[in-house]
Amino acid sequence: MNFDLTEERQMLQDGLRRMLGDVTDLKALSEGKYGWSEKAWGQIAEMGVIGALFSEEDGGFGGGGFDLMVVFEEMGRAGAPEPLLEIVLAGGLIAALGSEEQKAHLEGVIGGETQLAFAHGEPGSRYDLERVAATATEDGDGWVLSGRKSVVTNGAEADLLVVSARTGGEVGDTDGISLFLVPKDADGLDIRDYPLAGGGRGAEIVMEDVRLPADALLGEKGGAYEAIEAANARGVCALTAEALGLMERARKLTADYLAQRTQFGQPIGKFQALQFRMADLIIEIEQSRSAVINLAGHLDDAREDRELHVSATKQLVGQTAKLVVEESIQLHGGIGMTMEYDLGHFARRLTMTDHRLGDALYHLGRFTRLRAA
Amino acid sequence: MDLTYSDDQKAFRDELRAFLDTKLPKRLSDKVRLGKRLTKEDHEEWHALLQERNWHAGHWPKKYGGSGWDAVQRHIFEEETTAAHAPRVVPFGVMMLGAVLMQFGTDAQKEKWLPRILDGTDWWCQGYSEPGAGSDLASLKTEAVRDGDHYIVNGQKTWTTLAQFADHIFCLVRTSKEGKKQEGISFLLIDMDDPGIEVRPIVLIDGEAEVNEVWFKDVRVPAENLVGEENKGWTIAKYLLTHERTNIAGVGFASEALSNLKRIAGLEMQHGRPLIEDALFAAEIAKLEIALMAMATTNLRVVSAAAEGQAPGVESSMLKIKGTVIRQEINNLTRAACGPYAMPFVSEALEPGSNIEPVGPDYAMPATADYFNNRKLSIYGGSNEVQKQIIAKTMLEV
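Chains U and R are the protein sequences, given in the same order. Under our numbering, the first sequence has 59 at position 59, and the numbering climbs by one with no breaks. Under our numbering, the second sequence has 30 at position 30, and the numbering climbs by one with no breaks.
With the rest of the complex left out, here is chain R (with noise of 0.2 Å):
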């Protein structure tokens, strides 16, 4: 047993934390530290700066333009750019669709697709839940029809976040009703361009549209766009869940969390005195940091024995449930730091470029917004209840 990182990792942690003091633009980890909303051009910009490094997808092998970062590297960069406040990597395309494309894609498709990811030429989102199909995944309904060498598509996504901002989606879609319902799923790359596509906002309790409903009329798709053996797609979705889960705890995010939670307790006031110095509500912080602690351990021996090549199986569940209910409880105590000052809800004032004053301290307002925006961190992503039925399922003999 050893707890420490090794030379080399220092050294690469190091590297990164000179990266991000001279890099990281200021406007940028700034709007990030205040809760602001950031733009498609913030994120752009910000991939791009890492790309000169070629660390947008660093874990990408060194001849599809990434660094060949192992599991343990890939943590140390989740936790340095979280800790200085820099955007978070847009996942669906580097974290998602690259994994797809370099396990099931053809050599074409990887030729054609991952480049424009790395550069960002394409911007994508993820085709998966819909309306009837949420825990339920396999029973979704958008249907795919081969007609010569397209499909046309019709149906509806939900939940897609960043839509918005995306010129592409990939799709679990049906292609055929026969059998089991996980045996007739595909999953198809479209061009959010082509006729036929809409894209609605779904404003959040938080206030803000960041996820969308997608629309699909008669769209059609380029047969060359399947991914996989058509009916395959379910193993695809399988494997994503299982294999690109390297930052599924958000250790990264919940220090980050946390710092913040104390400093807002170091300012705020309670009788007279900062109200981490209130003995009940300092020992609610340190609940939280106690868990958080073992938490990132867990995180590291799943880490670490993903970097020698295990696939992580029930640890991911595991991770994901701990991992978002402690981000959840250190969102609801910083919101409940922040007294009275936590009601005043100036949506308008996270938007980019708001100068909009806030109301009371400037962290007051984005803790009420992050608690309930992060309500979803238990939702997405297979919510914590369908994590507990992989755990039971795979762990008890019953």
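Just chain U, same shape as in the assembly (with noise of 0.2 Å):
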């Protein structure tokens, strides 16, 4: 048993917090368009941190569950919203099917040069991996694409999607997705970009007969399902450790403004009433650390046990996440709602983490059947 992070992975810590410490700017953030900064961009690359989210024999240095922890704690303490995840999901899957020349494009990413999104879930999809509408005919020796991609983080911004679509089965059937390298200029893609409630963007695509060569194809055709739900293992793995982050922010925030802010001739920390609440919030995060260092732990298992591990770790960190968002800004009163104070931005991110790759209530039902399949 060792719970201590390696040397590497301690010194990446160490180097990321800072690093992010200096260069996240929210008020530039929450002022501007809500997005990311090319400037934390260019330092979160030029660190190697995208590096520490592949394997070596995909260029990188690490790819490991821990690594994923590692980077995306501190992503979340920082409250950067720089579009890493991404990386995970469609950099994962590339990683995991793409052919050499596809997989060449890793290098790219990996230098913080090339942005991905991962276009997957649609308007009826929910959090459902499988509930796949949009569709891919075979037309002489390429693709059509069509349909409609929701809410995918980073899309206007990606140079390179990783698209799903149908070339069999019916919607809700795990057989029959196929995934798309799909250039961001290709003809028929119609993207409308927005800011997201927790920074960073969004977009909506309408694919209308989207043409792309056959070496499109990311993986066999109609197989992509498997290597979907891994990636996303691993994307929840990285939201719930930035979720963690996130959590640990509030938490020092609150903390801080309970010894200095006074009422009643005292910090208000003194009260009893107050202690015990951050006592609850202190207990249900390390609870939460547990949880994703479950996860993480377990990500290369079988999986019925990673499943497993992805749904318990998702519920929990959720149900937290809203009482550590909720109770941060009760106990700070009205500056806590406001968008000048850094707990506004993180509030509101924490919140949205909820919204992304299943919220608790979904994996709550999700690991109660898994447990009685």
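It is worth saying that the hints were derived from the structure and are not from the lab. Just so you know, not all the hints are guaranteed correct.
Selected chain U positions facing chain R (in silico; Cβ < 8 Å) [what the hints assert, rightly or not]:
1) GLY172
2) GLU340
3) MET352
4) GLY365
With a straight-line Cα cutoff of 25 Å, these simulated DMTMM-like cross-link-like pairs (lysine to aspartate or glutamate) come out [as the list claims (entries may be wrong)]:
5) R:LYS388 <-> U:GLU284
6) U:LYS322 <-> R:GLU277
7) R:LYS262 <-> U:ASP128
8) U:LYS252 <-> R:GLU385
9) U:LYS322 <-> R:GLU385
10) U:LYS39 <-> U:ASP14
11) R:LYS262 <-> U:GLU326
12) U:LYS27 <-> R:GLU208
13) U:LYS270 <-> R:GLU385
14) U:LYS27 <-> R:GLU348
15) R:LYS287 <-> U:GLU327
16) U:LYS270 <-> R:ASP136
17) R:LYS232 <-> R:ASP191
18) R:LYS388 <-> U:GLU326
19) R:LYS287 <-> U:GLU284
20) R:LYS217 <-> U:GLU340
21) R:LYS36 <-> U:GLU340
22) U:LYS270 <-> U:ASP342
23) R:LYS388 <-> U:ASP280
24) R:LYS393 <-> U:GLU327
25) R:LYS238 <-> R:GLU385
26) U:LYS322 <-> R:GLU284
Think of the CB as a built atom: it goes at the ideal place given N, C-alpha and C, for glycine as much as any other residue.
Two chains, two separate frames, one set of hints: put the complex together.
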């Protein structure tokens, strides 16, 4: 048993924490179009952080569950909205399924030059990974894609989109889902982008007869579901680690405020009623940390065990995120509701982690079904 | 025990429904239903329509231009107008200052100010909280120093709701630093056009700037604008806290929010079926509905006692806590119901006159905005912690 980070991961954590602390400017983010910062992105890439998300054979130097945890916890602690999760999802799929030519894109991804997005969710899919209605049909020696993709994070900024479409089966079948590499300037691609409540930007993507060459197919025709589920598991590990970092920061902001804010002639942190609530937060955040460790440690398990941990962790972290958001704001009072104060950004971003890759109730149901199976 | 309305009360309800059916402009109810932000003109239009029936301040005595409603009628009014998506009646003038003036004002003050509240000549906001005086309101520092027949006011108020629309502000100010801090506070009416007043908006986490900071620098206020006696303002503040809280539970808002939640959960699909058919999700809705059914009756018990002349005490605090928590939980589940479409956030789309097309269903972004905005419910009007303190102090003999 050993719960310490390796020396390399410790160094990555320290370096990343310092760098993000310097470069993350929440005011600039919220005053702008609430996207992300190119300056921060450049430094993230330069530090090799993106490489930490990939294995050596894919050109990186990490790629394990605890690499994801270290990187994303720091992203969360800083409140950084740069689109790294998209790289875990879309980049992870290219690494898992790509031909040599397709995997050549990863060099630009790891270097920070190539932006990615995973265009998978659709207006009617909610959080179901298998509910793909967009279609891809073979046309001569190429493909024609049609359909709609919704709330595609980083969709408008991405140079390359990994897009799912159905080549067989019915909506809701796991069989018959294929993946394609789509350049952002493909004809027939209509992209509407907009700010997201938690920072970063999303996009609605309409595909109308988007013609792609034969080699745009990523992996086997109709057989992408397994890889999508595995990439999603890594995505949940990253996202819950980010939520953990966001919670740690919200806790710290709140603890500092309790020590500094004076009412009735003393710091409000002296009131036992508030101390107990802070203690509850600390307990629940530690539970979340253990849940993320559980998932990071079981990412490479057989599908059944891995997915059980995916749902367990996402449920627990989602439930805790709500508690932390609401209690942090309440313990602050009015100031906690303003965008002038940092907590507002953390509260929004943390809340929105529950709207990606399945929320707490969704995963509670899924855990129950997986356990019963 | 009889849990139903009397025939008179039912007749009143039917009259209200007919009025809302024919007089409430669809333009306004659409805005409210879709969570759009209202302009000052929207509010004023609604107030004027209500006043055609003497309903803008229906609970005021008839001699002041009201309809003399009792607490049950006020409750019915709140229930029906919320269900019809009418704009809420802005409370600062008709609910708060009106009550204060009737109880503590001189005849001259009543004659001067009450009609102007009613016909919309004056738009009031409330100057209570300060950066250093939140839950500990009595520690407020905004100072009013007597200078001949004026007070000179200096200081800062904060969280002032809709100050951007207001032309007057009623304030708690410090007129003495002697003795207990509660005993040096006065209640002062201030014209916001006076030189030395500056209003600065505060953007909240839902992207809206409905609250403000209000700064006072050497503002000269006529001494006749003092309500009640000098240094007795705390009595007025306490009076307002216990007497003007009929709608504190927000049962109408909660019922409306619950129907909205059910509507959304019926439209959103999960696993190819309406979300509302998901057993777990349905159970979460059911828990809230059960809590709301009980709270509605607690509220009616209090309302009914108030209609018979009893001053609500600790019940106000209980209703404030229960009511706000239930509403916040409904907001939370509504946001959850929207799934991934709760994420897009184009704040400008909620501004009046915006024709930005919503991203995804039109209910999704307002659901996110409401969830964040209504975190305020447990903070303002005496935070839920302050309310718990009141309950504990009143009920425990320790």
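The hints, checked one at a time:
1. Residue-level restraint check for GLY172 (chain U) holds (minimum Cβ-Cβ distance to chain R is 6 Å; threshold 8 Å).
2. Because the smallest distance between the Cβ of GLU340 (chain U) and any Cβ of chain R comes to about 7 Å, under 8 Å, the interface hint for this residue holds.
3. Annotation: interface hint on MET352 (chain U) holds; nearest CB of chain R at approximately 5 Å, less than 8 Å.
4. Annotation: interface hint on GLY365 (chain U) holds; nearest CB of chain R at approximately 5 Å, less than 8 Å.
5. Using a Cα cut-off of 25 Å, the hinted pair LYS388 (chain R) and GLU284 (chain U) holds, with the two alpha carbons roughly 24 Å apart.
6. About 24 Å separates the Cα atoms of LYS322 (chain U) and GLU277 (chain R), which keeps this hinted pair within 25 Å; it holds.
7. A hinted pair counts as satisfied when its Cα atoms are at most 25 Å apart, and LYS262 (chain R) with ASP128 (chain U) qualifies at roughly 21 Å.
8. Using a Cα cut-off of 25 Å, the hinted pair LYS252 (chain U) and GLU385 (chain R) holds, with the two alpha carbons roughly 21 Å apart.
9. The hinted pair formed by LYS322 (chain U) and GLU385 (chain R) meets the criterion: a straight-line CA distance of about 19 Å does not exceed 25 Å.
10. In summary, the hint linking LYS39 (chain U) to ASP14 (chain U) is supported, as the alpha carbons are separated by about 19 Å, within the 25 Å threshold.
11. Under the criterion of a C-alpha separation no larger than 25 Å, the hint pairing LYS262 (chain R) with GLU326 (chain U) is consistent with the structure, at around 23 Å.
12. The straight-line distance between the Cα atoms of LYS27 (chain U) and GLU208 (chain R) is roughly 16 Å, inside the 25 Å bound, and the hint therefore holds.
13. A hinted pair counts as satisfied when its Cα atoms are at most 25 Å apart, and LYS270 (chain U) with GLU385 (chain R) qualifies at roughly 14 Å.
14. In summary, the hint linking LYS27 (chain U) to GLU348 (chain R) is supported, as the alpha carbons are separated by about 18 Å, within the 25 Å threshold.
15. Only pairs whose Cα atoms come within 25 Å are accepted, and LYS287 (chain R) paired with GLU327 (chain U) is accepted, the gap being roughly 21 Å.
16. Proximity of LYS270 (chain U) to ASP136 (chain R) is assessed by CA-CA distance (about 14 Å); at most 25 Å being required, the pair is judged to hold.
17. A threshold of 25 Å between alpha carbons decides the hint, and for LYS232 (chain R) with ASP191 (chain R) the separation of about 21 Å falls inside it, so the pair holds.
18. A distance of roughly 18 Å separates the Cα atoms of LYS388 (chain R) and GLU326 (chain U); the hinted pair therefore holds under the 25 Å criterion.
19. The suggested pairing of LYS287 (chain R) with GLU284 (chain U) holds, with an alpha-carbon distance near 23 Å, which does not exceed 25 Å.
20. Only pairs whose Cα atoms come within 25 Å are accepted, and LYS217 (chain R) paired with GLU340 (chain U) is accepted, the gap being roughly 24 Å.
21. Restraint check for LYS36 (chain R) and GLU340 (chain U): the C-alpha separation of about 23 Å stays at or below 25 Å, so the hint holds.
22. Restraint check: the Cα-Cα separation between LYS270 (chain U) and ASP342 (chain U) comes to about 23 Å, which is no more than 25 Å; the hinted pair holds.
23. For the hint linking LYS388 (chain R) to ASP280 (chain U), the alpha-carbon distance of about 18 Å falls within 25 Å, and the restraint holds.
24. Using a Cα cut-off of 25 Å, the hinted pair LYS393 (chain R) and GLU327 (chain U) holds, with the two alpha carbons roughly 23 Å apart.
25. A distance of roughly 17 Å separates the Cα atoms of LYS238 (chain R) and GLU385 (chain R); the hinted pair therefore holds under the 25 Å criterion.
26. For the given pair, LYS322 (chain U) sits about 15 Å from GLU284 (chain R) by alpha-carbon distance, which is consistent with the 25 Å threshold.
Hint compliance for this structure: no hint is broken.
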